[in-house]
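2 protein chains.
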Amino acid sequence: MGPRHFDWRRLEELATNLLVRAGASEQHARTVAQSLVHADLRGIESHGLARLPIYLERINAGVIRLDSEPKVIMQEGATALIDGDNHLGAVVGMAALDQAISLARQMGVGFVGVRHSNHFGSCSYYAEQAIERGQILLVLSNAPEAMAPTGGIRPFFGTNPVAVGIPAGKQPPFLLDMATSVAARGKIALAEKRGESIPADWAIDSEGNPTTSPQAALAGSLLPIGGAKGYGLAMFIDILCGILTGAACGPGVRSLYDNLEHPQNIGHVFMAVDIERFWPLSVFQRRMDAYINEIKSVPRRAGIEEIMIPGEIERRNMESQKSKGITLATGIAKELERLCAEIGLDLRDACIEE
Amino acid sequence: MGPRHFDWRRLEELATNLLVRAGASEQHARTVAQSLVHADLRGIESHGLARLPIYLERINAGVIRLDSEPKVIMQEGATALIDGDNHLGAVVGMAALDQAISLARQMGVGFVGVRHSNHFGSCSYYAEQAIERGQILLVLSNAPEAMAPTGGIRPFFGTNPVAVGIPAGKQPPFLLDMATSVAARGKIALAEKRGESIPADWAIDSEGNPTTSPQAALAGSLLPIGGAKGYGLAMFIDILCGILTGAACGPGVRSLYDNLEHPQNIGHVFMAVDIERFWPLSVFQRRMDAYINEIKSVPRRAGIEEIMIPGEIERRNMESQKSKGITLATGIAKELERLCAEIGLDLRDACIEE
Numbered sequence: 000m001g002p003r004h005f006d007w008r009r010l011e012e013l014a015t016n017l018l019v020r021a022g023a024s025e026q027h028a029r030t031v032a033q034s035l036v037h038a039d040l041r042g043i044e045s046h047g048l049a050r051l052p053i054y055l056e057r058i059n060a061g062v063i064r065l066d067s068e069p070k071v072i073m074q075e076g077a078t079a080l081i082d083g084d085n086h087l088g089a090v091v092g093m094a095a096l097d098q099a100i101s102l103a104r105q106m107g108v109g110f111v112g113v114r115h116s117n118h119f120g121s122c123s124y125y126a127e128q129a130i131e132r133g134q135i136l137l138v139l140s141n142a143p144e145a146m147a148p149t150g151g152i153r154p155f156f157g158t159n160p161v162a163v164g165i166p167a168g169k170q171p172p173f174l175l176d177m178a179t180s181v182a183a184r185g186k187i188a189l190a191e192k193r194g195e196s197i198p199a200d201w202a203i204d205s206e207g208n209p210t211t212s213p214q215a216a217l218a219g220s221l222l223p224i225g226g227a228k229g230y231g232l233a234m235f236i237d238i239l240c241g242i243l244t245g246a247a248c249g250p251g252v253r254s255l256y257d258n259l260e261h262p263q264n265i266g267h268v269f270m271a272v273d274i275e276r277f278w279p280l281s282v283f284q285r286r287m288d289a290y291i292n293e294i295k296s297v298p299r300r301a302g303i304e305e306i307m308i309p310g311e312i313e314r315r316n317m318e319s320q321k322s323k324g325i326t327l328a329t330g331i332a333k334e335l336e337r338l339c340a341e342i343g344l345d346l347r348d349a350c351i352e353e
Numbered sequence: 000m001g002p003r004h005f006d007w008r009r010l011e012e013l014a015t016n017l018l019v020r021a022g023a024s025e026q027h028a029r030t031v032a033q034s035l036v037h038a039d040l041r042g043i044e045s046h047g048l049a050r051l052p053i054y055l056e057r058i059n060a061g062v063i064r065l066d067s068e069p070k071v072i073m074q075e076g077a078t079a080l081i082d083g084d085n086h087l088g089a090v091v092g093m094a095a096l097d098q099a100i101s102l103a104r105q106m107g108v109g110f111v112g113v114r115h116s117n118h119f120g121s122c123s124y125y126a127e128q129a130i131e132r133g134q135i136l137l138v139l140s141n142a143p144e145a146m147a148p149t150g151g152i153r154p155f156f157g158t159n160p161v162a163v164g165i166p167a168g169k170q171p172p173f174l175l176d177m178a179t180s181v182a183a184r185g186k187i188a189l190a191e192k193r194g195e196s197i198p199a200d201w202a203i204d205s206e207g208n209p210t211t212s213p214q215a216a217l218a219g220s221l222l223p224i225g226g227a228k229g230y231g232l233a234m235f236i237d238i239l240c241g242i243l244t245g246a247a248c249g250p251g252v253r254s255l256y257d258n259l260e261h262p263q264n265i266g267h268v269f270m271a272v273d274i275e276r277f278w279p280l281s282v283f284q285r286r287m288d289a290y291i292n293e294i295k296s297v298p299r300r301a302g303i304e305e306i307m308i309p310g311e312i313e314r315r316n317m318e319s320q321k322s323k324g325i326t327l328a329t330g331i332a333k334e335l336e337r338l339c340a341e342i343g344l345d346l347r348d349a350c351i352e353e
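Quick mapping for you: the protein sequence lines, in order, are chains P and A. Counting along the first sequence from 1, when you hit position 38 you're at 37 in numbering that gives the first Met the number 0, and nothing is skipped either side. Counting along the second sequence from 1, when you hit position 262 you're at 261 in numbering that gives the first Met the number 0, and nothing is skipped either side.
Next comes chain P alone, as it looks inside the complex (with noise of 0.2 Å):
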């Protein structure tokens, strides 16, 4: 079975009774499928039903945990801390997301800390529908070790990743989502598939050289943006995500694939802000459509059509594969099948087209 173009509701059906055949509840697994197909529109195909059979397999393996519930088990003032027990990720980050929202709306910004989490999506999810909300959103979370401190050789901190979601008017939402590494593990992974090199700041080898070997790259540490500074960046979040809410940090984060033993125990931050606090949203929507338009109309470089708002190309992507079909790899799509067949379903009654 090659590439093919899928329907994104159909997709989103087969991840949601493959994930209740594994155990969730209807309502639990419909948020996980939701969360995936949403990275898979976007074209962040990383986070997309990629993850989808690790989750099974974490599920089966009783270190994601089905029996229980994210509590909330602070609540004072704007601030509230969440035990996600282990769940799926992605109930436990929305579990979050209302918290952050919900404070938002008495306070004016809810400040949510999390810890047992698991590998939650991308960021993005949440960012958009705190966007839908018409809510300032920024999402921190840690992740497995992947980059080594400045002058250090051995990974430390995950790709800790930010997102910040902010509503416009008529033009596209801001929506920022970014790993604070250089480059994802993934793509170095991809460039050795394929027998290139990569860039010589992407990645140090074992012994702290930058590498333009992907094998070199994988045996050492990713680098962080802007050198010290994403150091700093990532360390940051790792405070915030670990050690202020009590989830794992540095390298005590487990595996998403490497360790079925034990919890992932990510920890996250949700912080919403409620823009109505300052303005009537309507103004503030105003406000950053002319800003958005100033910024769109900068002179631009010889062969950049037009200057792009973070998150918008992503946007476009979701909106022609919404109604052209999703298009997965061809090994994603055979694991999903094998996946389908297993609980009698079929991968191909999702396909728009042979």
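Since the hints were derived computationally from the structure, they do not count as laboratory data. The hints are all genuine.
Selected chain P positions facing chain A (Cβ under 10 Å, derived; list incomplete): (1) Met106; (2) Gly150; (3) Ser180; (4) Asn208; (5) Asp237; (6) Thr244; (7) Asp273; (8) Ile274; (9) Glu293; (10) Met307.
So, partial list: chain A residues that the calculated Cβ filter (under 7 Å) puts toward chain P: (11) Glu75; (12) Gly76; (13) Val108; (14) Ile152; (15) Val163; (16) Ile165; (17) Leu175; (18) Met177; (19) Gly231; (20) Ile238; (21) Leu243; (22) Tyr290; (23) Ile306; (24) Pro309.
As the structure is a computational prediction, the values presented were derived from the model and not from experiment. In this text, a Cβ means the ideal position worked out from N, Cα and C, and glycines have one as well.
Add chain A to chain P, keeping to what the hints say.
Structure of chain A alone, referenced to chain P:
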């Protein structure tokens, strides 16, 4: 007069006197003097007493206003909005810091927006004080145009800085203070003076091409860290500091140097988090110490003696310059000498050694 060593307390006195003679109250003058000397002590000359002459010039030009006080114009729940009334930036910044910490103590988190502010020195001044008060602080500020959006070729965003302060126990605290550009404009100006070339990832020329010529870079745009990631971070900071607070944003923020007709109308955001909602401070500090120890134990690249925590080098500079004296560059010392002489003071009184 060549470069000399100066006693930091006496420099602070002189700077306070200069500001008082320009019309500032004793208390306001001392705040600004402290913020500038703090930067010099940390070895961040660009944000130290080198800025005092232009502050005085802007007071004389009436675009920094001393006839009122920063006002809290909105306070609801855990959010507040401060109008700086175009007062001295550090005076406005301190009002915002106090408000953010006061809200954090009441509500667990405090989110304070600021409009009508000025250049407020180095963000680390505020982060350091939050650390001393056992609070986590995030400071954001926008700044005059210097960086183009990705794909653009004209400066639009400032080098919009972000700073974070987080207390530790026996280990040095975490104090990240970074611009979102790869390099500071001042570094490029210095390379020009010295006839040196600059790395190709610092700036683009006026047609958008990477350049190693400091002249071409100064006529072009600074580059953000991590390409489009840094563009996103700078835009995020501008939206929060400018659009949300009602301060200027983008190229609307006026230059500190090139515009003596209009107030800068810089915007800031100060966000404090009360650690004690999550852990007794002493427990958090022990956890930070263990974590920092772990980072410092990561194997190092050949030639690296120690892995440093963000802010640690500057902390050591401070300790050393507090005891051995601050070294001021000849140009800065000369200008201070001239300003002191105008009001009958002698900079040489602050010298530690001839």
